[in-house]
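**Q** This is what each chain is made of:
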Amino acid sequence: MTYIAKEFQKVVGTRPVRPDGVDKVTGRANFGADMTMPGMIWGKVKRSPHAHARILRIDTTKALSLPGVKAVVTAEDFPPIASEEAFVGEGPMNFRDLSCNCMARGKALYDGHAVAAVAAVSPAIAEEACELIEVEYEVLPHVIDVEAAMAPEAPVLHEDLFTGGVEPKPARPSNVAKRISFTKGDVAAGFREADVVIERRYSTQPVHQAYIEPHACVVSMAADGQCTIWSSSQGHFMVRAYCAKLLGIDISNIRAIPAEIGGGFGGKTLVYLEPVALALARKSGRPVKMVMNREEVFRGTGPAAGSVIEVKLGAKKDGRLVAGEVVLKYQAGAFPGSPVGPGCMCAFAMYDIANASIVGYDVVSNRPKVAAYRAPGAPNSSWGVESCLDELARELGIDPLHLREKNAAKDGVKAVHGPTWQNIGYAQTVAAAKEHPHLKTKLGPNQGRGIASGFWFNIGGESSAAVHVNEDGTAVVATGNPDIGGSRASMAIMVAEILGIPVERVRPVIADTSSIGFSFLTGGSRVTFATGMAATQAAEKVVEEMKRRAAMIWDISPDAVEWKDGKAWPAGANAGGFEPLPLADIALKSGRTGGPISAEVSINAQGAGPGFATHICDVEVDPETGAVKILRYTAVQDVGRAIHPSYVEGQIQGGVTQGIGWALNEEYIYDKDGRLENPGFLDYRVPVASDLPMIEAVMVEVPNPRHPFGARGVGEVPIVPPMAAVANAICAATGVRLRDLPMSPPRVLEALENGRA
Amino acid sequence: MSKHHVSTVINGEPVEFLCEPQQSLLDVLRDELNLTGSKEGCGSGDCGACTVIVDGKIMCSCLMLGAEAAGREITTVEGVAQGDKLHPVQQKFLEHAALQCGFCTPGFIVAAKALLDENLNPTEEETRYWLAGNLCRCTGYDKIIRAVLDAAAEMRAERGMAD
Numbered sequence: 000m001t002y003i004a005k006e007f008q009k010v011v012g013t014r015p016v017r018p019d020g021v022d023k024v025t026g027r028a029n030f031g032a033d034m035t036m037p038g039m040i041w042g043k044v045k046r047s048p049h050a051h052a053r054i055l056r057i058d059t060t061k062a063l064s065l066p067g068v069k070a071v072v073t074a075e076d077f078p079p080i081a082s083e084e085a086f087v088g089e090g091p092m093n094f095r096d097l098s099c100n101c102m103a104r105g106k107a108l109y110d111g112h113a114v115a116a117v118a119a120v121s122p123a124i125a126e127e128a129c130e131l132i133e134v135e136y137e138v139l140p141h142v143i144d145v146e147a148a149m150a151p152e153a154p155v156l157h158e159d160l161f162t163g164g165v166e167p168k169p170a171r172p173s174n175v176a177k178r179i180s181f182t183k184g185d186v187a188a189g190f191r192e193a194d195v196v197i198e199r200r201y202s203t204q205p206v207h208q209a210y211i212e213p214h215a216c217v218v219s220m221a222a223d224g225q226c227t228i229w230s231s232s233q234g235h236f237m238v239r240a241y242c243a244k245l246l247g248i249d250i251s252n253i254r255a256i257p258a259e260i261g262g263g264f265g266g267k268t269l270v271y272l273e274p275v276a277l278a279l280a281r282k283s284g285r286p287v288k289m290v291m292n293r294e295e296v297f298r299g300t301g302p303a304a305g306s307v308i309e310v311k312l313g314a315k316k317d318g319r320l321v322a323g324e325v326v327l328k329y330q331a332g333a334f335p336g337s338p339v340g341p342g343c344m345c346a347f348a349m350y351d352i353a354n355a356s357i358v359g360y361d362v363v364s365n366r367p368k369v370a371a372y373r374a375p376g377a378p379n380s381s382w383g384v385e386s387c388l389d390e391l392a393r394e395l396g397i398d399p400l401h402l403r404e405k406n407a408a409k410d411g412v413k414a415v416h417g418p419t420w421q422n423i424g425y426a427q428t429v430a431a432a433k434e435h436p437h438l439k440t441k442l443g444p445n446q447g448r449g450i451a452s453g454f455w456f457n458i459g460g461e462s463s464a465a466v467h468v469n470e471d472g473t474a475v476v477a478t479g480n481p482d483i484g485g486s487r488a489s490m491a492i493m494v495a496e497i498l499g500i501p502v503e504r505v506r507p508v509i510a511d512t513s514s515i516g517f518s519f520l521t522g523g524s525r526v527t528f529a530t531g532m533a534a535t536q537a538a539e540k541v542v543e544e545m546k547r548r549a550a551m552i553w554d555i556s557p558d559a560v561e562w563k564d565g566k567a568w569p570a571g572a573n574a575g576g577f578e579p580l581p582l583a584d585i586a587l588k589s590g591r592t593g594g595p596i597s598a599e600v601s602i603n604a605q606g607a608g609p610g611f612a613t614h615i616c617d618v619e620v621d622p623e624t625g626a627v628k629i630l631r632y633t634a635v636q637d638v639g640r641a642i643h644p645s646y647v648e649g650q651i652q653g654g655v656t657q658g659i660g661w662a663l664n665e666e667y668i669y670d671k672d673g674r675l676e677n678p679g680f681l682d683y684r685v686p687v688a689s690d691l692p693m694i695e696a697v698m699v700e701v702p703n704p705r706h707p708f709g710a711r712g713v714g715e716v717p718i719v720p721p722m723a724a725v726a727n728a729i730c731a732a733t734g735v736r737l738r739d740l741p742m743s744p745p746r747v748l749e750a751l752e753n754g755r756a
Numbered sequence: 000m001s002k003h004h005v006s007t008v009i010n011g012e013p014v015e016f017l018c019e020p021q022q023s024l025l026d027v028l029r030d031e032l033n034l035t036g037s038k039e040g041c042g043s044g045d046c047g048a049c050t051v052i053v054d055g056k057i058m059c060s061c062l063m064l065g066a067e068a069a070g071r072e073i074t075t076v077e078g079v080a081q082g083d084k085l086h087p088v089q090q091k092f093l094e095h096a097a098l099q100c101g102f103c104t105p106g107f108i109v110a111a112k113a114l115l116d117e118n119l120n121p122t123e124e125e126t127r128y129w130l131a132g133n134l135c136r137c138t139g140y141d142k143i144i145r146a147v148l149d150a151a152a153e154m155r156a157e158r159g160m161a162d
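Chains as they are written, first to last, in numbering that gives the first Met the number 0: chain A, 0 to 756; chain B, 0 to 162.
None of these hints come from the bench; they were simulated from the model.
Certain hints may be false.
[What the hints assert, rightly or not] Calculated from the model, a selection of chain A residues having no Cβ within reach of chain B, i.e. all distances over 12 Å:
hint	residue
1	Ser-98
2	Asp-398
3	Gln-427
4	Ser-486
5	Phe-680
6	Leu-691
[What the hints assert, rightly or not] Just so you have them, the derived chain B footprint on chain A, three or more residues with Cβ under 8 Å:
hint	stretch
7	24-36
8	251-262
9	549-563
[Unchecked claim] Pairs of lysine to any residue residues, derived as SDA-like cross-links and limited to a Cα-Cα distance of at most 20 Å, are as follows:
hint	chain 1	residue 1	chain 2	residue 2
10	B	Lys-84	A	Val-16
11	B	Lys-84	A	Val-21
12	B	Lys-2	A	Val-16
Every residue gets a Cβ at the ideal spot worked out from N, C-alpha and C, and that includes glycine.
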């Protein structure tokens with residue numbers, strides 16, 4: 000693989016206008032709900048009002064007799080699917096569970112669970128028809144809270160769910176789907192060695208990804224079974240795979256076309272509407288459009304897992320960590336598959352700690368099935384560990400950055416979850432934070448400063464990319480990954496760098512599932528790394544072909560041709576005294592030298608560099624109301640190499656802001672009957688512009704040698720540190736430690752009053 | 000129920016349409032007039048993705064009935080650029096990378112244009128409060144605020160206004 004170091008990069012690291020930008024500032028970009036098809040009708044989902052209920056009977060007679068109704072579907076219209084692990088989305092998923100999540104079979108497992116769907120000639124008629132579907136329920140006892148769901152007397156959601164990962168297999172089913180554990184060293188001995196031991200319990204509430212674009216799709220199914228799916232998702236190959244399985248359709252009969260995606264953050268790494276719309280299209284013989292409203296998004300999709308995190312840390316007087324213990328209890332929602340695995344692995348990843356034990360529980364309860372959310376699992380466990388570390392720093396009287404510096408994982412250290420670190424930049428983020436002028440800013444009354452760090456793996460995986468050289472010397476780079484935050488720009492930059500032409504001459508497109516090789520979805524902070532690697536390799540193949548064509552024109556050996564600055568050059572005096580041939584000249588003559596010049600590359604990219612971050616947060620706490628104002632925020636992150644620095648900064652600033660929302664306001668609130676009480680943006684409050692200061696993104700570049708330009712994934716780790724950074728700042732401001740999220744004004748006020756008492 | 004016949008002006012052009020009494024202006028723009036630049040993020044006036052300018056004031060088009068457009072002048076995101084010339088706010092959004100997914104962007108562009116129509120020298124705080132009705136989940140607002148302030152500065156300079 001080619002590796003081009005920073006000092007030789009000409010296009011990488013610049014900040015061109017993104018190629019899809021003008022469409023997006025003028026309203027021309029087409030998102031999921033912007034598409035129509037001829038003859039299209041409208042689908043709508045009927046949802047359970049109960050948290051847990053047996054479905055005794057569904058009567059669709061009245062709905063079907065309403066004029067304008069073209070089809071009604073229930074679970075009967077989907078093939079029953081055997082339990083089978085799926086590896087097409089981000090995080091654990093089971094095909095059978097996904098099918099039952101899209102359309103309840105036998106039982107409704109949460110408020111908002113789909114139980115039927117209608118297609119009609121207008122959205123209003125579809126909605127009216129949903130009301131006319133009669134569902135007879137036997138309401139069952141429900142359970143919402145994670146620890147209540149683990150209790151022996153808890154109502155059981157799935158009679159066939161026996162805790163995995165424990166020996167012997169339990170005699171009775173329970174809501175604990177899985178127990179996992181990681182250990183390193185001798186934990187008991189480590190704690191005996193410690194001078195100070197701190198043991199605390201922390202909790203988080205589920206939060207929604209809250210992408211502004213609700214889920215939407217338009218689908219058609221022809222009489223011969225060929226389907227077209229236009230939808231907004233983080234991966235149209237994922238949509239294709241899930242729909243094929245859930246409906247029993249051959250993959251070759253599905254063409255999934257990516258709409259622009261209006262935010263996902265992990266929440267669009269699975270399907271909700273597409274299989275239902277296809278079932279309605281199959282039954283009605285008409286194209287079907289489905290668009291969720293915001294209430295449906297909150298009740299029926301996402302969120303991220305809520306959790307309980309128990310942390311015990313042991314250290315010597317000088318701050319050296321000698322032992323750590325973490326127990327994680329994560330909500331999976333109605334079906335198994337919380338991100339407790341990555342939660343466990345991220346808990347101590349930043350630290351060189353000799354003795355540690357991590358245990359995680361994956362627990363189902365009567366909530367929507369959780370979906371991936373930016374570094375899934377990591378923010379929860381880090382909220383506990385990074386808060387506890389701050390408590391330890393206070394106990395020991397050690398500066399929290401110094402404590403982290405002292406214990407920082409470095410190259411060669413074996414992490415608790417297994418790998419031995421190579422080329423990591425955690426210590427560099429701590430060092431950059433220590434040098435940052437932010438730390439010199441004076442704080443006033445009721446103000447405090449907090450520090451926290453975070454880790455995320457980043458992934459590589461399967462990606463395809465094609466580069467086509469046009470006859471005028473411009474180029475196209477096609478990939479199979481939806482552009483969720485500017486990746487078209489980074490693809491164009493990397494290809495322009497290799498071809499040696501201006502970035503404006505490279506046009507990126509996101510190709511549909513029938514037009515490019517398989518690509519795993521846009522998630523795991525993988526696109527710039529893995530798809531970028533595929534695009535780079537495709538561009539390199541094109542360069543090789545260019546050199547071959549120039550050699551043909553000059554009648555010399557291809558080995559005697561060099562590629563530099565977008566031109567073929569004779570490699571030295573012996574190759575001949577030819578004038579360099581620009582790419583455009585070779586392209587123009589390509590018809591006469593062997594045909595069009597293009598290359599497609601499909602890879603399984605390995606070597607994604609891990610991402611580390613260290614954040615500094617200043618807050619002011621209003622002692623009268625408990626409101627917390629973020630005064631200043633600096634996020635230092637090892638980004639490997641920023642391909643388009645503005646969009647890297649944007650990832651950091653956006654992740655931090657989501658973390659601030661998670662810290663201060665966002666939570667799912669259920670009533671005693673298990674119904675979601677705040678399914679809208681008025682009562683589920685995400686940060687708005689007036690809540691925030693500017694967020695300074697500091698990019699540390701420790702190159703990842705496994706990527707052609709040194710890139711690491713950048714999108715996820717920025718959401719990991721903020722919750723603890725905010726809590727640590729609140730503690731510094733008030734002396735009061737908050738251990739339960741969100742730290743909303745009533746909670747902060749109560750804590751302050753208890754502290755004052 | 001019979002449809003309403005509505006005459007209005009959208010993006011400087013006289014427009015006539017038929018709408019159901021319950022259809023919002025947003026539904027009419029998107030489903031009847033094929034102006035899909037205005038987005039529906041919530042349908043309850045909380046996210047601002049459907050922001051339009053009605054007689055000089057910003058409105059969530061999801062909170063207004065289509066029938067209420069009669070006799071008004073409406074600007075949607077499709078009407079912010081003049082032909083092929085982008086409005087300075089649009090240009091600055093591009094230069095500052097003030098968008099990621101781009102779904103909230105039309106609402107921000109319209110709201111920011113309305114701000115600068117009213118006040119060409121807003122402070123950062125005024126800008127943040129003016130745009131507090133527009134949710135963006137991707138950017139953390141930093142680059143959006145910078146883009147709007149930079150557009151204001153450029154427009155002041157174009158008009159020979161001293162800073």
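**Q** Each hint needs a verdict: does it hold in this structure or not?
**A** Hints and how they fare:
1. Against chain B, the non-interface label of A:Ser-98 holds: every CB pair exceeds 12 Å, the least being about 28 Å.
2. No beta-carbon of chain B comes within 12 Å of the beta-carbon of A:Asp-398; the shortest separation is about 27 Å.
3. Every CB of chain B lies more than 12 Å from the CB of A:Gln-427, the least distance being 23 Å, so the non-interface label holds.
4. Not every CB of chain B lies more than 12 Å from the CB of A:Ser-486, the least distance being 10 Å, so the non-interface label is violated.
5. The beta carbon of A:Phe-680 is not kept farther than 12 Å from every beta carbon of chain B, the shortest such distance being approximately 4 Å.
6. For A:Leu-691, the condition that its CB be more than 12 Å from all CB atoms of chain B is violated, with the nearest at approximately 6 Å.
7. Residues of the stretch 24-36 of chain A lying with their CB closer than 8 Å to a CB of chain B number 9, which satisfies the three-residue condition for coverage.
8. Counting residues of the stretch 251-262 of chain A whose CB lies closer than 8 Å to any CB of chain B gives 4, so the stated coverage by that chain holds, three being the minimum.
9. Remark: the stretch 549-563 of chain A is not confirmed as covered by chain B, as 0 of its residues place a Cβ nearer than 8 Å to a Cβ of that chain, below the required three.
10. At most 20 Å may separate the alpha-carbon atoms for a hinted pair to count; B:Lys-84 and A:Val-16 meet this at roughly 16 Å.
11. A C-alpha spacing of about 11 Å is found between B:Lys-84 and A:Val-21, which places the hinted pair at or below 20 Å, so the restraint holds.
12. About 44 Å separates the Cα atoms of B:Lys-2 and A:Val-16, which puts this hinted pair outside 20 Å; it is violated.
The structure fails to meet hints 4, 5, 6, 9 and 12 from the earlier list, while all remaining hints are met.
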